Amino acid sequence: GEDVEQSLFLSVREGDSSVINCTYTDSSSTYLYWYKQEPGAGLQLLTYIFSNMDMKQDQRLTVLLNKKDKHLSLRIADTQTGDSAIYFCAESKGSNYQLIWGAGTKLIIKP
Amino acid sequence: DVKVTQSSRYLVKRTGEKVFLECVQDMDHENMFWYRQDPGLGLRLIYFSYDVKMKEKGDIPEGYSVSREKKERFSLILESASTNQTSMYLCASTEGTTGGGEAFFGQGTRLTVV
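Protein sequence lines, in the order shown, are assigned to chains A and B. Each number in my numbering corresponds to the 1-based position in the first sequence with 2 added. Each number in my numbering corresponds to the 1-based position in the second sequence with 214 added.
Hints in this document: simulated from the structure, not taken from any laboratory. Note that the structure is predicted; figures quoted are calculated from it, not measured. Some hints could be false.
Calculated cross-link-like contacts (lysine-lysine; reagent style BS3-like; alpha-carbon spacing at most 30 Å) [what the hints assert, rightly or not]:
no., chain 1, residue 1, chain 2, residue 2
1, A, K108, B, K217
2, B, K217, A, K38
3, A, K72, B, K271
4, B, K217, B, K271
5, B, K217, A, K58
6, A, K58, A, K70
7, B, K227, B, K271
8, B, K285, B, K267
9, B, K269, B, K227
10, B, K227, B, K285
11, A, K72, A, K58
12, B, K227, B, K217
13, A, K38, B, K285
14, A, K38, B, K271
15, A, K112, A, K58
16, B, K271, A, K112
17, A, K108, B, K271
Please build the complete structure, drawing on both the sequences and the hints.
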């Protein structure tokens, strides 16, 4: 199959770390992505990782890829209210970068 | 700094109407996509186009058609709108030839069919 699975929501306290998980099924995917959708807006690329990498860090964001288990995670350190959004995991497929999308994880920040 | 523009943020149409959703990108991208987004279902691909006048069906093409007469413009057409087509519609484009394959999205069109 071509499923990308994510939890529907995650609730964390402001200042804590958030870890959003994703599992995928296509082992031939070359890129895996995290997109962020703020309320009332389209999606924006947050970060991506090439399939031959295990980890990628960019400021407060850390992406971990476990190819053996086909598991991708996004860690947001020091979560802020501005991080409230829906986070989508996606994997690439084919030469035209057609993306297979997860259902999105809504990140809820508690004060 | 707007890169992908959808013609309307909100639309209300009647059942049976023909509906046109327009999308324009200014990045000279080869690939353009139409998705619908529904709660709990994520993004589902309706159609995509990898070149002018070329189109491919996505996962849920039934009830939709598309047109790409110019590279920068990709139109989604609902031939006869039905209430189950009430949804958020997102247009995206990608370059398709370089690494990363970042997709740029429009702001979305929320369509309500009554």
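Outcome of the hint check:
no.: 1; hint: A/K108 to B/K217; result: holds (25 Å)
no.: 2; hint: B/K217 to A/K38; result: holds (17 Å)
no.: 3; hint: A/K72 to B/K271; result: holds (27 Å)
no.: 4; hint: B/K217 to B/K271; result: holds (24 Å)
no.: 5; hint: B/K217 to A/K58; result: holds (27 Å)
no.: 6; hint: A/K58 to A/K70; result: holds (17 Å)
no.: 7; hint: B/K227 to B/K271; result: holds (24 Å)
no.: 8; hint: B/K285 to B/K267; result: holds (9 Å)
no.: 9; hint: B/K269 to B/K227; result: holds (26 Å)
no.: 10; hint: B/K227 to B/K285; result: holds (28 Å)
no.: 11; hint: A/K72 to A/K58; result: holds (16 Å)
no.: 12; hint: B/K227 to B/K217; result: holds (27 Å)
no.: 13; hint: A/K38 to B/K285; result: holds (27 Å)
no.: 14; hint: A/K38 to B/K271; result: holds (26 Å)
no.: 15; hint: A/K112 to A/K58; result: holds (27 Å)
no.: 16; hint: B/K271 to A/K112; result: violated (41 Å)
no.: 17; hint: A/K108 to B/K271; result: holds (29 Å)
Taken one by one, the earlier hints fail for this structure only at number 16.
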